[in-house]
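Asker: All residue numbers for the sequence shown refer to our numbering, where the first residue is 1 and numbers rise by one.
Keep in mind that the hints were calculated from the coordinates and are not lab data.
Among the hints, a few may not be true.
Label pairs and their in silico Cβ distance ranges [said to hold, decoys possible]:
no.: 1; residue 1: 144; residue 2: 333; range: 30 to 40 Å
no.: 2; residue 1: 36; residue 2: 174; range: 42 to 52 Å
no.: 3; residue 1: 333; residue 2: 56; range: 49 to 59 Å
no.: 4; residue 1: 119; residue 2: 144; range: 23 to 33 Å
no.: 5; residue 1: 69; residue 2: 181; range: 43 to 53 Å
Every value quoted in this text rests on a predicted model; they were computed, and no experiment measured them.
We put the beta carbon where it would ideally sit given N, CA and C, even for glycine.
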Amino acid sequence: MLFAVDAHAIGCRLTGNEVYVRSLLAAMAEVAGDWELIAYVSSSEAERWLPARFQRRCVSRNPVVRLGWDLSRHLARDRPALVHVQYTAPLHCPVPVIVTVHDVSFLEYPEYFPRWRQWQLRLTVRRTVARAARILTGSEFSARAIARHYDRDPSEIVVIPNAASSLFRPISREVAAGYVRARFSVSSPFILCVGDLQPRKNQIGLIRAFAALLRTLPGLDLHLVLAGKHTWFASRVRRAAERSGAAERIHFTDFVSDEDLLHLYNACELFVFPSYYEGFGLPLLEAMACGAAVACSCTSALPEVADAAALLFDPASTGEMVRVMRELLLDGELRARMARLGQQRAAQFSWRRSAERTLEVYRAVSEETTPAAARAGVLPFVRR
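Using the sequences and the accompanying hints, generate a full structural model.
Answerer: Right under this line is the structure:
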């Protein structure tokens, strides 16, 4: 039985989408038994990340070409039992579709997206979800939102959590600090925030809270590192930093590699995630896995993912953000306890388990669409 995955995000610096498909395929290669797997990729960088057991087909980076022609052509030739995509299926799809929808922020907070992007996502995701045999997502929060917006039976929406890569682990604090000093010219203690510079990530709110925090602790040597790809919104975030009165203490890294993140997470005093809306919030688990104390917003899927391993705040409240950051910075015992809780929480998530559950969905859809093959014993059982 052959299963196909649209893996064009690998090597394209699409941040969360790339991390998801890269991590899922690596784990899937270990647990897929005798199933055949094929990946459609659009970057030579994919050769570095894609497990050897995957067959490869090249598709265009241009979404119009990829979705309008390349994927349809390959699927017609390969005839897999199904294809697994993120958000958007090809225009003409000759096989059943499984779609991962990480969140529906473009529906719930359209003001956070350029108008052209709103239009594109509304049109393509609705069409894909309508024809999908199953919808996968990372949290119960997102599952409820998807069911609400797309009128799909909740039984057709499967929650399969993400996980932190095994790369993210505690390392020597001195080594991490030395790396950050050499790579980013940050030698002082710092608060870390990870995420593309975009409105819903609320870096502007964090900048305001950071400047207010410094005013309450005038003798504190503390910096803020904003690690994430610059987008159309980056100029506004930089302008907010320039006007904050703390510009010399705020650092922008642009896109960061996994190695960069490993050292940043391990070197930071605390990790703050002020996002207004997340379908999962993978940086929370990455920071926790590295032993960082975490504070995050009390909105969307973040409380579900963090559980009791983070201090929560209202992302719209500068005062609450300042209070939580100040509490963690000044109370070493609390910071250490939250770090321990975070490591325990991160350990509860596993890409291997997520891959097994994803393959179970593949099998279920295959049994529905190819019952004769299933009865003949072609489909293996995925062992837990």
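Asker: The structure should be examined with respect to each hint, and the outcome stated for every one.
Answerer: Hint check:
Separated by about 37 Å at the C-beta atoms, residue 144 and residue 333 satisfy the suggested range of 30 to 40 Å. Between residue 36 and residue 174, the C-beta spacing of about 47 Å keeps the proposed range 42 to 52 Å intact. The hinted window of 49 to 59 Å between residue 333 and residue 56 holds, with their beta carbons roughly 51 Å apart. For the hinted restraint 23 to 33 Å between residue 119 and residue 144, the CB-CB distance of approximately 25 Å keeps it satisfied.
Look at residue 69 against residue 181: about 48 Å separates their beta carbons, and that is inside 43 to 53 Å.
Figure legend: structure checked against the earlier numbered hints; every hint is met.
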